[in-house]
Structure formats: structure tokens, C-alpha cells
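J.: Add chain R to chain H, keeping to what the hints say.
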Amino acid sequence: MEQLAWLSIIGRIAQQLLPVWIALIVVFALSIRFKRRLGLYGKLFDSYVGMVGFALVMFWVFTAIFADFIITHDPLAQLRGMRNAPPGSALPTPGAQYPHYLLGGDSLARDVFSRAVMGAREVLTIAPFAAMISFMIGISLGLPAGYFGGRLDTGLTFLANLVLAFPVILLFFLLVAPEIQQTAIPTVMAGILFLVPVLFVMVLLNARYFTQPLKRNLFVGAALLVGFWAYSGLAFNADPLGVWGMRANLLNVFVAVVFVNAPTVFRIVRGITMDIRTRDYVAAAQTRGEGPWYIMMWEILPNARGPLIVDFCLRIGYTTILLGTLGFFGLGVSPESPDWGSTINDGRRLLTVYPHPALVPALSLMSLVLGLNLLADGLREESLRD
Amino acid sequence: MLLFLARRIGVMLVTAICLTFVVFYLTNLPAKLETLAKTQAGTRISDAEVARWLDRHGYNQPMLVRYGEWLGVVPGWVREEPDGTIRGRCVGVRGVEAAGERCGILQGYWGHSTRFRAPVGEVIGARLGATGMLMLWVLIVMVPMALIVGILAGMREGSRTDRSLSTFAIASTATPEYVSGVLFIALLASSTVGLSPLLNQWGLMDAPVLFQGNARSALEGITFWNFTLPVMTIALYGMGYIARITRASMTEVMTQQYIRTARLKGVTFPNIVLKHALRNALIAPFTVIMLQIPWLLNGVVIVEVLFSYPGFGWTLFEAAVNNDIELLLAASVVAVIVVLLTQLISDIGYVYLNPRIRVT
Chain H
597 MEQLAWLSII
607 GRIAQQLLPV
617 WIALIVVFAL
627 SIRFKRRLGL
637 YGKLFDSYVG
647 MVGFALVMFW
657 VFTAIFADFI
667 ITHDPLAQLR
677 GMRNAPPGSA
687 LPTPGAQYPH
697 YLLGGDSLAR
707 DVFSRAVMGA
717 REVLTIAPFA
727 AMISFMIGIS
737 LGLPAGYFGG
747 RLDTGLTFLA
757 NLVLAFPVIL
767 LFFLLVAPEI
777 QQTAIPTVMA
787 GILFLVPVLF
797 VMVLLNARYF
807 TQPLKRNLFV
817 GAALLVGFWA
827 YSGLAFNADP
837 LGVWGMRANL
847 LNVFVAVVFV
857 NAPTVFRIVR
867 GITMDIRTRD
877 YVAAAQTRGE
887 GPWYIMMWEI
897 LPNARGPLIV
907 DFCLRIGYTT
917 ILLGTLGFFG
927 LGVSPESPDW
937 GSTINDGRRL
947 LTVYPHPALV
957 PALSLMSLVL
967 GLNLLADGLR
977 EESLRD
Chain R
24 MLLFLARRIG
34 VMLVTAICLT
44 FVVFYLTNLP
54 AKLETLAKTQ
64 AGTRISDAEV
74 ARWLDRHGYN
84 QPMLVRYGEW
94 LGVVPGWVRE
104 EPDGTIRGRC
114 VGVRGVEAAG
124 ERCGILQGYW
134 GHSTRFRAPV
144 GEVIGARLGA
154 TGMLMLWVLI
164 VMVPMALIVG
174 ILAGMREGSR
184 TDRSLSTFAI
194 ASTATPEYVS
204 GVLFIALLAS
214 STVGLSPLLN
224 QWGLMDAPVL
234 FQGNARSALE
244 GITFWNFTLP
254 VMTIALYGMG
264 YIARITRASM
274 TEVMTQQYIR
284 TARLKGVTFP
294 NIVLKHALRN
304 ALIAPFTVIM
314 LQIPWLLNGV
324 VIVEVLFSYP
334 GFGWTLFEAA
344 VNNDIELLLA
354 ASVVAVIVVL
364 LTQLISDIGY
374 VYLNPRIRVT
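Quick note, the sequences are listed as chains H and R, same order. Mapping of the first sequence onto the numbering used here: residues 597 to 982, in sequence order. Mapping of the second sequence onto the numbering used here: residues 24 to 383, in sequence order.
The following block holds chain H by itself, in its conformation from the complex:
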């Protein structure tokens, strides 16, 4: 077997990514065809920047979904003779395997391409989920702080500023350490942090349907059931059915990332709430005799969605960067994990001699975050237009 030239490497990678291309084309064709009926999402396709960002993000989303079909080798398998192999190297004894390492091998003779693809899955399962939990916490605390004001606001703002005054990196060193994983701190924090989304959904539904007790009992009951099922599994790893679960080190990383992100979301939501609180439709709802939680959840929150959606995109990107930082310092991830941050960390020791093991995940991470930022920019522009 010959070593591949650059053009044929690119060709073969494109071929491996075939499911991604098909999915992208389908999504774009459908979205552009029906863009007038799709609201803000459809308007995204009027802006060039937004489309590029969306394409980059969806590329990585589909790569993560189809990762099992895309990878050429087991991301953990170490093949003899492939240590630090340059991109396009042929396997010495291919057998039934794919005959080349498309983007070379790393210092432990694993396939860089497959690891980058699997890394996308690692990153994209944690980052959006962590951003979502941060948002729910930020919203559940920011709405009452902005709406009621007073002592509640002072207290919560002080707490948020306290967390924000912590240098992020220091917090990571302190919170994501093997010794901390032995204590109850991550579990207790997860217990509190994950409880908030459950309460959030419950209050959301209760505020809407409390005039129709039958419907309310059904919805709130169902939400409670699903919520506490997920809660028991995620926070305490005690899911009786074993569907939800999180490894101790992953939980630790998750808690740290949510803890860093939630105060910023809180500040944004609080600011928007204080602005919207003075609007006429809020006064109308108050005159109608609506309860405070109904006003917050169903009058203020929907009207704050524009900036929140934009910030959500940015926050997923920022969370990706944070996860990369954690991986870069080797904090909280299992040593074999193919996530991009720790792959960069592994590759940096031999960076000046064999740059490819670190360059591939670095460029992947950059393109995903760039896509998210461009998407946020496109959304902001389009939502400001009307």
C-alpha cells in the first residue's frame, strides 16, 4: 500500500463523510424551500453569515450523529507501526480494516481522524446539554430577581457576582479534581443544580394550567414523573431503570461548567426582565389579576426569547471552549477519551515534530465554535430586522 497524496486524502475523507453531506443537503433544500413558513429559523436563510454558521454547526451535529458510520478505525485501538504516522499512511498489515490512517496516527498509534469524529460526539453531547441546564437555572433565578426586585434581587445578584469574581480556571482546578470526586460536593451541587430545571418545568406548566385542574394534574404529574426519573439518574446515579446515568468524572465536569455559566445567564435574564417589566402588556396582565409566575413565565419570557436564543448559541460555543480548556489541563476526563481538548493536550508534547495529532482537533473545535458564533450573529441580525 502506498502513502496517500493530499488530494486523495481529502477525497477519501469527503467519501467517509457522505452521510453528513446528504443530511446537510436535505436540511438546506427543505429549509430554503419552506423558509417563509419557518419563522425566525427560516429567516436565517436570508443571511449569508447565518447560513455559513448554520452549515458549520449542522456539519458537526451530523458528524456526531453518524459518527459510527464515518470512523475508519476504533478510536481507542492502537495499531502496531502507526505511532505518529503522517497523514495518509498505509497500515502495515491491513487485513479487513480500512487500509489507511487518513489523518495519521497519534503518539499512541491511534487513528487521528476517527478520534476527531468521535470527539465531536463527546463534545456535542455535553455542551448543548450543559448550556441548556445553565439557561434553565439562569432563567428560573433571573426572572424573579428582575421581576420582584428588592432583597431577593440583592441577594441573588451578590451570589452571582461572587461566582463571576472567581477566575474560571481557578474554579476548574478547585472543583474538578480527583479528590473532590471522592467527596459529596459534586453530588450535592448536582442535586441542587439539576433540581432547578425540574422545578422550572413544573412551575411553567402549573402557572399556565392551574385554572384547569384536570389538565394541570396530568401535565404537572407527567413532568414530575419524567423529571424526577431523569433527576435521580443524573444527579445521584440511582435511576432504577438505568436509562439516565452519568459517570462521576463527567458529572463533576458538568457541574463545574454549569456553575460557571449560570450566573452570566442570570444577569442577562435579570436585565431583560427589568426592562420588560415596565411594558404595557405586563401591566395589562397584572390588572387582569394574573399571578406573578404566570406573568414571568408566559408574558415576559416569550418576549425575551430573541436575545436569549442568540445568547444560547454563543453559550454552547463558550461551553465547548470551556470543555476544551478542561481537557487541555487533563481535568475530569478519562485518559482514553477522544474529546478535543484532551487530544490537543496529548498532541502538544510533540507539537513541533508531529503537529497533526493536535492540529486536527484544534481546527475542529475552532470551526464548531466559529459556526456557533456566526449562527448567533446571523440570528441577531435577522431578529433585529423586524
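Honestly, I wouldn't trust all of these hints.
The following label-pair restraints were derived from C-beta to C-beta distances [as the list claims (entries may be wrong)]: (1) R/GLY289 <-> H/ASP642: 55 to 61 Å; (2) H/GLY787 <-> R/PHE247: 31 to 37 Å; (3) H/PRO774 <-> R/ARG30: 39 to 45 Å; (4) R/GLY65 <-> H/ASP670: 38 to 44 Å; (5) R/SER331 <-> H/GLN599: 30 to 36 Å; (6) H/PHE744 <-> R/GLU275: 39 to 45 Å; (7) H/GLY607 <-> R/ARG302: 53 to 59 Å.
Covered stretches of chain R, as calculated for chain H (at least 3 residues, CB under 8 Å) [as the list claims (entries may be wrong)]: (8) 51 to 57; (9) 78 to 92; (10) 197 to 206; (11) 361 to 372.
Examples of chain H residues lying across from chain R (beta carbon under 7 Å, computed) [claimed, not checked]: (12) LEU946; (13) THR948; (14) ALA954; (15) LEU955; (16) ASN969.
In short, the hints are calculated from the structure, not lab data. Every residue gets a Cβ at the ideal spot worked out from N, C-alpha and C, and that includes glycine.
T.: Here is chain R on its own, set in the frame of chain H:
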């Protein structure tokens, strides 16, 4: 103004106490103390010996008391050994007669670093100087570049310059330090790939690499070749955000009435930008630049580790990895103080620069 200052400083002190206590608590968890005992007294000691070691070194008191001792508001512990020698928190520093006095960070006693085997104060002091140089150059590079990019983009909103510069700013915020650092090293500081072998081949350069990928030599003397990459790596990530704020602020100012008046008066465009718009457009970026300094701290840790430049960030990393409790505590105190001070300065500066904000 004075009342405002007093209240701000009061809140700052409370915040500092809360934060240092959290750090103290997290660094003094039982598991960490056990690790400390094992690194100090031998890795194979039994649990009973660990307990005895901790007891002998004053680690078995309640957390709050130890926090007070560390802070210097509670008298240090004293212990009389069976053989009659007196041990205590302050004995190691100031001799036996000081036993039972207060010696914490308020008295200037920062503890002893187990990683560097030196007083923490000395270690931190030396490293802070090194990081100061790095930060200085980062600010010198980053702030003017960000302001220029932001002003050029914001003075004609929607133009082609605006579009390309805004995209550049977005791209730079999407490139964290560990990505751009890796890219820079692979591109400019590698003898096998990137630009350096090409330049060598063409005979344009004698040295094997264009820039140094290791900044340790910058401690003896900073040169363009060993300091550019670390500085650029930090500056690039921080720049995008400041540039975007400057652009937003500039576009807003350019739509104001007084700009239109100046334009109608026949003032030239460069004069409008420099004399009428610039001063008002720089209020928002000022606060952002100040608030960006804590964020730079992240970058400093990553870059100093990546380029092995022994500064404050590198020390923080080493202390955290090696469970060097007192060094990590001191580093945290410094970091927290930096963050709180920049917040204070940014608040005061904002009030000072913007006369429309009244402090009552």
C-alpha cells in the same frame, strides 16, 4: 462619590472574604490533606500515621479556626511535644518565642510551598513579575489593535470593511488560546512543518525555526522571537470581544445628532471620527477592557503552560497539579484581588468618563 466608593469597597471586602473561604475550604478537604500528608511523610504510611501527621501539623482543628489562623485573625496553634520542644504555626517562621501569636496573610506570612521548597511570598512575587511583563505586552498589542479594528468597522456601518473586520472579530473570539497557540506553533515554530523549513530552504533564515515555541528564554531577556507567539496567542482571543464592543459603541455614536451637525458644518470625515466620535465611543470599551483583565488570566494560565513560561499562571497550574495547598491559596488570593480591583476601577472609570451617570 465617597459614599459610593465606600460601599463598593465594603462589598468588595465581603466578596473577598467569601471567596477566600471557599478556596480555603476546597483546598483543605480531608482527601487533599491526606494527599499532602502522604507526599510529605512518605507515600506508604498507614491511615493512623496520616492522622498523626495531620494532628502534629495542626490540621485537625475545625475548618473555621484554621481559616482564621491562615488569615491571621486567630492565634496560631501551639503544641508541646512529649520531649519538651514546642511546635506551632508561628514557631517555624519566627522562632519559639512567637508561639501563640497571630501569623497569617494579614501579618505577611503566606506559608511555605511544598512544590518549590521556598516561601510562598517569594515564589509568587517573582512569578508575578514575569507575568506582569507578559500582560504588559499583551495589553500593548491587544488594546490598540482591537480599538482600531472596532473603530474602522464601526465608522461606516454595513460597508465591506465593516463586514470583513466583523467576521475577523468573530473568528478571533472563536479561537481559544489552546487552539491559536497550537496553530501558531505548528505554523511558525516547527522545524519540520509550516513556514520555517520553507524559509530555510530558500536561504532567507539561518536559525532552524522562525519563532521560538518555548518562552522560557524570555525570562533572561525578551526578544521579538521568543515573546511574539505567547503575546499574540493571548491578544488574539481577547481582541475580538473588545473590537465588537467598540464597533457597537462606534456605530451608535455615528448616528447621533452632533455627528450630523458636524457633518453639515463641513467637517472632514477623519476629523469627525477623531475629534467628535472617538471620545464618546470609547466609554464602553474602557469598562470592557478592564473587565477583560480577569479573562486574560485564563489565557495567561493556558499560554504559560503551553509555552512553558514560568509566570504566575504556570505557578497556579503547578500548585494545583502538585496539591501545593498554601501556594494555591496564595495564588487564588492574588487572582481574586486582581479581579475585584479591576471591577472597582472599571466602575469608577465608567462614572468618571460618563458625566450622565450620577452617583448618589
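J.: Are the hints correct? Go through all of them and say.
T.: Structure-based check of all given hints:
no.: 1; hint: R/GLY289 <-> H/ASP642: 55 to 61 Å; in the structure: violated, 39 Å
no.: 2; hint: H/GLY787 <-> R/PHE247: 31 to 37 Å; in the structure: violated, 53 Å
no.: 3; hint: H/PRO774 <-> R/ARG30: 39 to 45 Å; in the structure: holds, 41 Å
no.: 4; hint: R/GLY65 <-> H/ASP670: 38 to 44 Å; in the structure: holds, 41 Å
no.: 5; hint: R/SER331 <-> H/GLN599: 30 to 36 Å; in the structure: holds, 33 Å
no.: 6; hint: H/PHE744 <-> R/GLU275: 39 to 45 Å; in the structure: violated, 31 Å
no.: 7; hint: H/GLY607 <-> R/ARG302: 53 to 59 Å; in the structure: holds, 56 Å
no.: 8; hint: 51 to 57; in the structure: holds (count 4)
no.: 9; hint: 78 to 92; in the structure: violated (count 0)
no.: 10; hint: 197 to 206; in the structure: holds (count 7)
no.: 11; hint: 361 to 372; in the structure: holds (count 3)
no.: 12; hint: LEU946; in the structure: violated, 10 Å
no.: 13; hint: THR948; in the structure: holds, 4 Å
no.: 14; hint: ALA954; in the structure: holds, 5 Å
no.: 15; hint: LEU955; in the structure: holds, 6 Å
no.: 16; hint: ASN969; in the structure: holds, 5 Å
Checked against the numbered hints given earlier, the structure breaks hints 1, 2, 6, 9, 12 and satisfies all the rest.
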